[in-house]
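Number of protein chains: 2
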Amino acid sequence: MERRQFLQKAAIGTVAAVTAGGIVNAPAVHAQKKIKWKMVTTWPPKLPYLQDAAELLAKKVELMSGGLFKIKVFAGGELVPPLQTFDAVSKGTTVQAGSGVSYYQAGKAPAAQWFAAVPFGLNGAGMSAWYEFGGGLKLWEEMYAPFDVIPRPGGCTGPQMAGWFNKKIESVDDFKGLKMRIPGLGGKVMAKLGATVVLCPASEIFTNLERGVIDATEWIGPLHDKLMGFYKVAKYYYYPGWHEPGPFVEFVFNKTAYESLPLEYQAILDAACTQVNNWTTQGFNTGNGQALDELITQHKVTLMKLPDPVLADLKSHAKDAVFDIAAKDPMAKKVNESFERFKKIVGPWGEVSEKPYYNSLADKYKLKG
Amino acid sequence: MERRQFLQKAAIGTVAAVTAGGIVNAPAVHAQKKIKWKMVTTWPPKLPYLQDAAELLAKKVELMSGGLFKIKVFAGGELVPPLQTFDAVSKGTTVQAGSGVSYYQAGKAPAAQWFAAVPFGLNGAGMSAWYEFGGGLKLWEEMYAPFDVIPRPGGCTGPQMAGWFNKKIESVDDFKGLKMRIPGLGGKVMAKLGATVVLCPASEIFTNLERGVIDATEWIGPLHDKLMGFYKVAKYYYYPGWHEPGPFVEFVFNKTAYESLPLEYQAILDAACTQVNNWTTQGFNTGNGQALDELITQHKVTLMKLPDPVLADLKSHAKDAVFDIAAKDPMAKKVNESFERFKKIVGPWGEVSEKPYYNSLADKYKLKG
Numbered sequence: 003m004e005r006r007q008f009l010q011k012a013a014i015g016t017v018a019a020v021t022a023g024g025i026v027n028a029p030a031v032h033a034q035k036k037i038k039w040k041m042v043t044t045w046p047p048k049l050p051y052l053q054d055a056a057e058l059l060a061k062k063v064e065l066m067s068g069g070l071f072k073i074k075v076f077a078g079g080e081l082v083p084p085l086q087t088f089d090a091v092s093k094g095t096t097v098q099a100g101s102g103v104s105y106y107q108a109g110k111a112p113a114a115q116w117f118a119a120v121p122f123g124l125n126g127a128g129m130s131a132w133y134e135f136g137g138g139l140k141l142w143e144e145m146y147a148p149f150d151v152i153p154r155p156g157g158c159t160g161p162q163m164a165g166w167f168n169k170k171i172e173s174v175d176d177f178k179g180l181k182m183r184i185p186g187l188g189g190k191v192m193a194k195l196g197a198t199v200v201l202c203p204a205s206e207i208f209t210n211l212e213r214g215v216i217d218a219t220e221w222i223g224p225l226h227d228k229l230m231g232f233y234k235v236a237k238y239y240y241y242p243g244w245h246e247p248g249p250f251v252e253f254v255f256n257k258t259a260y261e262s263l264p265l266e267y268q269a270i271l272d273a274a275c276t277q278v279n280n281w282t283t284q285g286f287n288t289g290n291g292q293a294l295d296e297l298i299t300q301h302k303v304t305l306m307k308l309p310d311p312v313l314a315d316l317k318s319h320a321k322d323a324v325f326d327i328a329a330k331d332p333m334a335k336k337v338n339e340s341f342e343r344f345k346k347i348v349g350p351w352g353e354v355s356e357k358p359y360y361n362s363l364a365d366k367y368k369l370k371g
Numbered sequence: 003m004e005r006r007q008f009l010q011k012a013a014i015g016t017v018a019a020v021t022a023g024g025i026v027n028a029p030a031v032h033a034q035k036k037i038k039w040k041m042v043t044t045w046p047p048k049l050p051y052l053q054d055a056a057e058l059l060a061k062k063v064e065l066m067s068g069g070l071f072k073i074k075v076f077a078g079g080e081l082v083p084p085l086q087t088f089d090a091v092s093k094g095t096t097v098q099a100g101s102g103v104s105y106y107q108a109g110k111a112p113a114a115q116w117f118a119a120v121p122f123g124l125n126g127a128g129m130s131a132w133y134e135f136g137g138g139l140k141l142w143e144e145m146y147a148p149f150d151v152i153p154r155p156g157g158c159t160g161p162q163m164a165g166w167f168n169k170k171i172e173s174v175d176d177f178k179g180l181k182m183r184i185p186g187l188g189g190k191v192m193a194k195l196g197a198t199v200v201l202c203p204a205s206e207i208f209t210n211l212e213r214g215v216i217d218a219t220e221w222i223g224p225l226h227d228k229l230m231g232f233y234k235v236a237k238y239y240y241y242p243g244w245h246e247p248g249p250f251v252e253f254v255f256n257k258t259a260y261e262s263l264p265l266e267y268q269a270i271l272d273a274a275c276t277q278v279n280n281w282t283t284q285g286f287n288t289g290n291g292q293a294l295d296e297l298i299t300q301h302k303v304t305l306m307k308l309p310d311p312v313l314a315d316l317k318s319h320a321k322d323a324v325f326d327i328a329a330k331d332p333m334a335k336k337v338n339e340s341f342e343r344f345k346k347i348v349g350p351w352g353e354v355s356e357k358p359y360y361n362s363l364a365d366k367y368k369l370k371g
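Keeping their order, the protein sequence lines are chains W and E. If you want our numbering, it's the 1-based position in the first sequence plus 2. If you want our numbering, it's the 1-based position in the second sequence plus 2.
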């Protein structure tokens, strides 16, 4: 406050020379803090549109602050183990920022699931609108406040793929006995349908699939799935990703550290998050499009759509799984109510706007798979 | 450059006290320029998510710059007539920034159409990805450079509606002799189908429709159409908006003024544009959803879908209209090639990702119209 009053007085006392371009040349003495933060992530180094997104965030913040606010970024495992990212940020002793996915925190806060992905929930556009205009971001902040953490949407992968399989899925009976790597609520639904849900680190999925330790896996989408090489060891690539129709990653900041920033830097950090959110979302859209084509034309992947009756069964079970969690946790209940309310606002509009776009306005390309 | 070197030296000479939170408390003396800009828009005062978006941009920039970079915003007609916004920014003598739509510049740069909306072109998600990863923004900058203008995407209205009609559209023959207010390429297509295309300012559309000067009109989408009161004088509200599947508004800056900003302020201005772009896009998605429900339930509007054969005919004519423009102007040709190339990247991915989402994942709400 005192600094601001000083600045105002200084500004009043300045004799300004206004040019035609509207620039007042007299420099104001703007005493700004130098800040150095550390950011850790859950991502492997160089992971496209995820690890490099964290690095882009740091670059944007440094640029906007004229080099005064610097964030040093560490990939998963470089400073803390990947899945301890949130805890490190929550603690805030050496680390002030992180990048990951909110459903990693489902164990300590069941409501966390809703801010990343809900099976048959909102897609990316719906999630974005819910955060901003449906109270989603406020609820997300409320949920993380006890952990001394502030969240920001980090970008959307777009609808994911249903996964890689070595046998055709013709009814939900085909899931019985299937050993599949699928985390989160999607895994709960698959378990109810008789699948054996296997969880393993990203680095082990390929080998497990190759050796038959698992029969099937989901991962992200064409771009990242191609990098994992799953097409070498699985026959069928199924869509749509019913379990994650528009998952968002997150940036998290230590709340005490965030709130002790000058207001300018809080605003700069928020703006950089939105820039990176957009960059990541568009990067996934473009990269998935390019990789899908490569998978089909170069790697001869067989693209398959889950039959409608299978999707209907999955939807019914997903509804139960979501209901179960919301029934047990007051915060999850509150978040789910907000989420469902918002679906009723954007849902019918989607039927009138984007649905006909995808069905009759968008150019139809004959899928090669 | 000199200022930066000075800052670096100053930083090196500072004895810093690092706290646990990572904050270096010793203030750096950061001599920043005070900037005052004027921004004019093509929008009426208080127009939701458009005029207030320009005001939000100014607020964000001021906040991030610690009050040093101020933009005073004027609605259409307050400082210059609405459709002279671009020219005022291009001139740059009293005005440095503007907000409008690029197709208003189609008369002086035919390629401008592509950066706003192309009939049966990309939707909002596709446009965003094209700007960032398909070279779209670079081409947009190249197109405006001769006018000394720099563009930034300002936000997407979502797919528009086809418009308000007083008779049912059962085939393209129903367009013959129809007097319709529809600008741009959409109007060219309608004219080819025998409609009489009428152009009139926004303020006169309602009265013209009421008095039968026009038989039909398109405008934006449920939110803004509701505010215009068209439901009082037209029977049928048709979708989808084939002519504008994901139109973007634009921010424009005088290039000389932009480039004379300190790099921090250029970065801050860019980041604020992205924030407002997102805010506007999500605001339209939410506001259109709410207004659609009001129109149907409170104002008893009859919602109608253009029959598929009508859409197919419109698509064929739209292709010709787009081809005609691209054939006559080298820049339009170059932009169209980039646009079409990008459609082939995101198109097939949309078929696999968002199309099944809208068709089977989104909850089906029985449309009340």
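Note that these hints are calculated values from the structure, not bench results. Honestly, I wouldn't trust all of these hints.
Chain copies aren't distinguished; within one or between two, either way the pair holds.
[Said to hold, decoys possible] Straight-line distance between alpha carbons at most 20 Å, and here's what the computed PhoX-like set of lysine-lysine pairs gives:
hint	residue 1	residue 2
1	K302	K346
2	K346	K357
3	K40	K74
4	K36	K234
5	K307	K357
6	K93	K178
7	K36	K237
8	K72	K302
Small disclaimer: the values here were computed from a predicted structure and weren't measured.
Hint check results:
no. : hint        : verdict
1   : K302 x K346 : between (40 Å within a copy, 19 Å between copies)
2   : K346 x K357 : both (15 Å within a copy, 19 Å between copies)
3   : K40 x K74   : within (5 Å within a copy, 37 Å between copies)
4   : K36 x K234  : neither (50 Å within a copy, 59 Å between copies)
5   : K307 x K357 : both (18 Å within a copy, 12 Å between copies)
6   : K93 x K178  : neither (42 Å within a copy, 69 Å between copies)
7   : K36 x K237  : neither (54 Å within a copy, 62 Å between copies)
8   : K72 x K302  : neither (45 Å within a copy, 56 Å between copies)
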